[in-house]
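Going line by line, the protein sequences match chains A and B. So the first sequence is numbered by full-length UniProt numbering: it starts at 1 and just counts up by one. So the second sequence is numbered by full-length UniProt numbering: it starts at 1 and just counts up by one.
To be clear, the hints were calculated from the coordinates, so they are not data collected in a lab. Hints should not be assumed to be uniformly reliable.
[Unchecked claim] Covered stretches of chain B (in silico footprint by chain A; criterion: 3 or more residues with CB under 8 Å from a CB of chain A, positions within the stretch not fixed): (1) 15-29; (2) 92-101; (3) 150-160.
Quick reminder that beta carbons are idealized off the backbone N, C-alpha and C, glycines included.
Protein chains: 2
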Amino acid sequence: MLRGEITTAIRRALMQELAAVGYGRLSIEAVARRAGVSKTAIYRRWNSKLDLVLEVVAAAAGRRLPALDTGTLRGDLSLLFQVLAHALRHPLASQIIPDLLAEAARNPTIDETLQRVLRARQQEVAGELIGRAVRRGELPADTDPDVAVDLIVGPLYWRIAIARTPVTDSYLEALVESVASGLGAQDSVPRQRSAPDPG
Amino acid sequence: MLRGEITTAIRRALMQELAAVGYGRLSIEAVARRAGVSKTAIYRRWNSKLDLVLEVVAAAAGRRLPALDTGTLRGDLSLLFQVLAHALRHPLASQIIPDLLAEAARNPTIDETLQRVLRARQQEVAGELIGRAVRRGELPADTDPDVAVDLIVGPLYWRIAIARTPVTDSYLEALVESVASGLGAQDSVPRQRSAPDPG
Chain A
1 MLRGEITTAI RRALMQELAA VGYGRLSIEA VARRAGVSKT AIYRRWNSKL DLVLEVVAAA
61 AGRRLPALDT GTLRGDLSLL FQVLAHALRH PLASQIIPDL LAEAARNPTI DETLQRVLRA
121 RQQEVAGELI GRAVRRGELP ADTDPDVAVD LIVGPLYWRI AIARTPVTDS YLEALVESVA
181 SGLGAQDSVP RQRSAPDPG
Chain B
1 MLRGEITTAI RRALMQELAA VGYGRLSIEA VARRAGVSKT AIYRRWNSKL DLVLEVVAAA
61 AGRRLPALDT GTLRGDLSLL FQVLAHALRH PLASQIIPDL LAEAARNPTI DETLQRVLRA
121 RQQEVAGELI GRAVRRGELP ADTDPDVAVD LIVGPLYWRI AIARTPVTDS YLEALVESVA
181 SGLGAQDSVP RQRSAPDPG
């Protein structure tokens, strides 16, 4: 294997091991075995199990989403919810992050890294969407980004990652309308639509 | 200790051990030691570690909240968010549930129990609140309880248990307005309030 291939194999094996056994029971031996590399190959790249886990998980959770600018707030929300619904079914969201959140209460380094990654992530996915809607005049200029981000990310996270309830297309459509209304979208006529949108 | 006191001591010790070491590393010996009882006292009451954990966690997570009927939707939301913000800082929400969610992907019995408890819980806290608001005429009769529940519980759960961002009184006030608007509350005038409410 080339150097880059070894690193990729280690990253993939680490994510699989984390999903399978969790942080507490994870061993570097098992990651090396799964990746088909030596333990030395891992320790040459990362100083410790903690270093390895934090760097790989932060990179995976921080991977940039495709551009989500559809031209309207509702279009952006709809696309974002579809992307999120897919991402939240990945073991990263359903197993690895919950496991590390539990671990974070016992380990300040894990806690700080997770907070930094999750905040950057939510800022990326929701903050940019809100900024565009404000510039388009769809949301009030004084929209509170703090509340808005939680309102956009929270309901779908709760449903898929915590309550583990299935998500249908009609659910996602209804959620777009509810979240847009909750954000104070100017053209929001959630219950009866009197005329088609001009744009 | 009396029989009831022994059971209470075991329950308390189990929750503390779960928060301290997580499900994977939890041992019945450590729970017995912390509770000051014999292992036999535990096995007389529960068949296995899994039985013990699921019964105690389900009982703790399923404990009924105080009555939340304040007479208005916004009042109910405000009180619920205060209660939730407190509850979500408990180790049950910040450590034990995330740990068991990660474990659930490896263990169908944990998965089913958690789903049952979390759904019953969200139905209790959000479902009853929505029903009252519909009966008062504050929410449309065709309010989709499926979306409404996620919209009520999700943002605060995301903020406190996942993103771990502090919650202030003014944040909670803004969240009440946003969620009420998102639910389609009839008297919702979130940005400019033209006249004081008659009621």
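Hints and how they fare:
Under the rule that three or more residues need a Cβ within less than 8 Å of chain A, the assignment of the segment 15-29 of chain B holds, with 6 such residues. Counting residues of the segment 92-101 of chain B whose CB lies closer than 8 Å to any CB of chain A gives 7, so the stated coverage by that chain holds, three being the minimum. Counting residues of the segment 150-160 of chain B whose CB lies closer than 8 Å to any CB of chain A gives 9, so the stated coverage by that chain holds, three being the minimum.
Of the numbered hints listed earlier, not one is contradicted by the structure.
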